[in-house]
Amino acid sequence: MGHRILALIIKEFLSLFRDKKSRMAVIVPPILQLLIFGYAATFDLENAGLVVFNEDSGAISRELIGRFQGSVGFKLVGYLHSEAEVGPLIDRKGALLALHIGKQCSANLMRGESCPVQVIIDGRNSNTAMLALNYVRSIVSDFNQEWAEQTTGTKLPAHLNIRAWFNPNLESRWFIVPGIIALLAMIVTLVVTALSVAREREAGTFDQLLVTPLRPWEVLIGKAIPGLIVGVGEASLIILVTVFWFRIPLVGQLATLYPALIIYVLSIIGVGLMISSFSTTLQQALLGAFLFIVPAVTLSGFSTPIANMPPFMQMLTYLNPMRYFLTIVRRVFLEGAGLEYFWHDLWPMSIIAAATLTMATWLFRHRMY
Amino acid sequence: MNPGSLMRIKGMIRKEWLQVVRDPSSIAIAFFLPLLLLLIFGYGVSLDAKNVPIALVVEHPGAQASSFSGGFFQSPYFLPVPMTSIQEAEAALRESKVNGIVWLQNNFDRDYLKKESPPISVLVNGVDANTARLVEGYVQGIWFGWLEQEAERAGKKLQAPVQLEQRIWFNPQVRSTDFLVPGILAVIMTLIGGLLTALVIAREWERGTMEALLVTRISVAELLLGKLIPYFILGMGGLMLSLLMADFLFHIPLRGSVWLLLATSALFLLVALGMGLFISTVVRSQFVAALVALVSTFLPAFILSGFIFDIQSMPLVIQGITHLIAARYYVSIMQTLFLVGNVWSIVLPNSAALLVMAVLFLGLVYRKTRKNLE
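Protein sequence lines correspond, in order, to chains A and B.
In case it helps, our numbering puts the first sequence at residues 1 to 369.
In case it helps, our numbering puts the second sequence at residues 370 to 743.
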């Protein structure tokens with residue numbers, strides 16, 4: 001019986017890798033995507049275009065502008081000469097924000113009065129707008145504190161001292177790139193398992209499989225194991241790139257990550273085989289794969305936090321295996337979390353894996369024979 | 370166009386239509402998929418952090434410490450959890466039970482009265498860097514509000530040297546749904562267009578019916594038109610549905626013209642369909658076409674289009690790559706038409722880019738198909 005399954009597994013690998021186009025389609029895109037997305041998926045503000053409309057002629061406003069120029073978040077792209085220029089410029093995305101420094105700014109400050117500064121931010125991307133606003137606020141509040149200390153010698157009654165754990169510079173890449181491991185492992189595994197049976201059915205070779213001495217569960221294992229090998233293999237490759245190319249710190253142990261990875265891939269295989277048994281054509285299988293992937297990615301916390309969703313959407317995420325693995329992979333990478341810290345993510349994922357595999361077996365028996 | 374040609378196109382459309390009707394998965398792609406996706410994206414994707422659980426450690430609840438920590442209980446952004454020791458709070462942070470800690474030490478009130486500017490220590494979990502940064506901003510807001518309030522209580526007015534007046538245009542409430550939903554339409558249309566057509570030519574080749582088609586008198590242009598028109602109609606149907614949902618369900622303001630929105634959307638749909646046909650024509654195998662469609666539609670449209678990750682913040686090389694993604698141009702048009710209005714200097718160049726891509730994809734499909742005739 002063992003050699004029958006082995007023969008089927010070899011056949012699966014041959015049909016996946018023998019054809020050059022199919023070989024390329026399985027191996028190249030994930031790596032390419034990791035490299036591109038790893039750089040593209042960032043929430044950090046860098047070189048956002050800033051224009052300045054300065055009505056003041058004193059030195060202090062120039063010093064304030066200098067602080068904006070010195071910030072990595074902003075790049076000064078020009079000076080304006082009237083307020084009317086601001087609108088059209090922001091409308092056509094000529095700049096993300098405009099800083100308007102009022103008349104008499106320096107003179108007012110010297111007299112101990114305050115200087116009005118207005119900032120106008122393009123809110124089309126609300127997240128970028130919020131980040132830019134936070135940068136502006138902290139530049140202005142640093143300036144204010146220093147100015148107050150210099151001129152009057154008074155300190156603020158209390159000061160803030162903010163630190164971040166696990167990701168001290170708050171680089172969003174450290175958050176996103178480990179997430180891509182979970183994302184691509186899911187897509188590769190799903191493609192290999194969901195499309196393979198549909199392809200055989202459409203080509204008519206599935207009937208040939210059925211008349212061999214292979215039992216249904218043997219066929220199932222023969223289809224599942226290539227998915228496991230390809231999924232875990234590809235994930236390992238991606239982990240290597242994450243650690244050695246992107247230099248994301250791997251604080252935790254790979255030995256704690258791999259059991260979680262295998263359970264995750266198994267749960268996806270279950271989903272893939274379920275899609276397989278429902279579809280008679282490749283188009284249906286492709287649609288099925290999409291109907292799983294898109295919600296799974298969206299409701300996983302990959303790009304936007306689950307905590308921001310409405311409660312009923314948050315309930316739905318508990319059904320999503322990617323949600324659990326995503327948390328685990330991020331925490332193992334950045335926090336160095338051991339099993340005792342992610343146990344409450346591991347067991348629900350294991351139940352999901354057991355459930356999808358059982359359902360796939362049942363469907364396989366009842367829809368194929 | 371001669372009447373024979375029209376008749377042949379009609380016949381082709383009829384054949385394609387019958388295939389659509391008999392395999393309901395195409396109808397599901399055009400109507401069920403946008404409905405589902407818009408609901409999931411519209412409700413599930415949000416960047417607005419609210420009710421962030423935060424541990425509040427006040428070692429000595431004096432008057433000042435209490436008035437400062439009171440700000441957290443009033444803020445809609447935080448869900449403060451009072452804790453008695455910093456050790457307890459750090460353990461909670463490690464177990465991800467809270468996202469941050471605010472720590473006021475024993476001598477806070479004493480130092481405050483002595484005007485020694487005691488520290489307010491804030492620790493945030495930096496794993497989710499974006500949320501962490503927003504949380505920092507909210508904490509600063511609370512701190513600043515408290516400073517003003519204390520100054521007022523002391524009978525002075527806190528007069529900041531530089532007084533900042535902030536204005537966020539187009540989306541004053543900074544509601545992330547308003548900017549995400551127009552972008553989501555681009556992701557959805559990419560998916561629909563690609564999925565509808567990625568398999569339709571590969572399928573004919575694989576089943577051997579392509580040769581049957583080629584021996585008829587139908588020309589390549591007629592064949593492609595016959596393939597394109599039915600899926601274009603389906604796609605526009607899906608688009609209308611999505612636009613209606615954006616308006617009635619998510620209440621996204623539409624400040625530009627509806628007609629411009631429809632025209633640019635139709636153009637984008639042509640690009641998406643053209644891309645699907647192109648994949649289908651080049652690889653000729655349904656399995657590989659499905660793989661290519663999977664990797665080349667959803668994720669690039671999701672990550673490289675500017676729908677959620679701002680293109681301006683990407684490295685220059687990646688910014689260059691985004692120019693190859695049709696969704697990038699469409700996202701830009703949609704965000705502007707919805708939130709700003711008819712800004713021609715945004716709409717025209719992006720529409721021109723879409724037009725170039727549509728011509729390119731359909732032209733390539735045309736050429737590739739003709740070659741195979743020989």
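Honestly, I wouldn't trust all of these hints.
[To be verified] The calculated label-pair distances, taken between Cβ atoms and stated as ranges, are:
hint	chain 1	residue 1	chain 2	residue 2	range
1	A	32	B	457	43 to 51 Å
2	A	215	B	397	43 to 51 Å
3	B	623	A	343	34 to 42 Å
4	A	148	B	524	37 to 45 Å
5	A	66	B	689	41 to 49 Å
6	B	375	A	245	40 to 48 Å
7	B	391	A	32	31 to 39 Å
8	B	375	A	315	51 to 59 Å
9	B	577	A	23	21 to 29 Å
10	B	455	A	366	36 to 44 Å
11	B	635	A	340	53 to 61 Å
If you're looking for bench data, these hints aren't it; they were derived computationally from the structure.
Keep in mind it's a predicted model, so treat the numbers as computed, not measured.
Every residue, glycine too, gets a C-beta built ideally from N, C-alpha and C.
Here is how each hint holds up against the structure:
no. : hint                      : in the structure
1   : A/32 x B/457: 43 to 51 Å  : holds (46 Å)
2   : A/215 x B/397: 43 to 51 Å : violated (33 Å)
3   : B/623 x A/343: 34 to 42 Å : violated (48 Å)
4   : A/148 x B/524: 37 to 45 Å : violated (18 Å)
5   : A/66 x B/689: 41 to 49 Å  : violated (31 Å)
6   : B/375 x A/245: 40 to 48 Å : violated (56 Å)
7   : B/391 x A/32: 31 to 39 Å  : holds (37 Å)
8   : B/375 x A/315: 51 to 59 Å : holds (54 Å)
9   : B/577 x A/23: 21 to 29 Å  : holds (25 Å)
10  : B/455 x A/366: 36 to 44 Å : violated (58 Å)
11  : B/635 x A/340: 53 to 61 Å : holds (56 Å)
Figure legend: structure checked against the earlier numbered hints; hints not met, in rising order: 2, 3, 4, 5, 6, 10.
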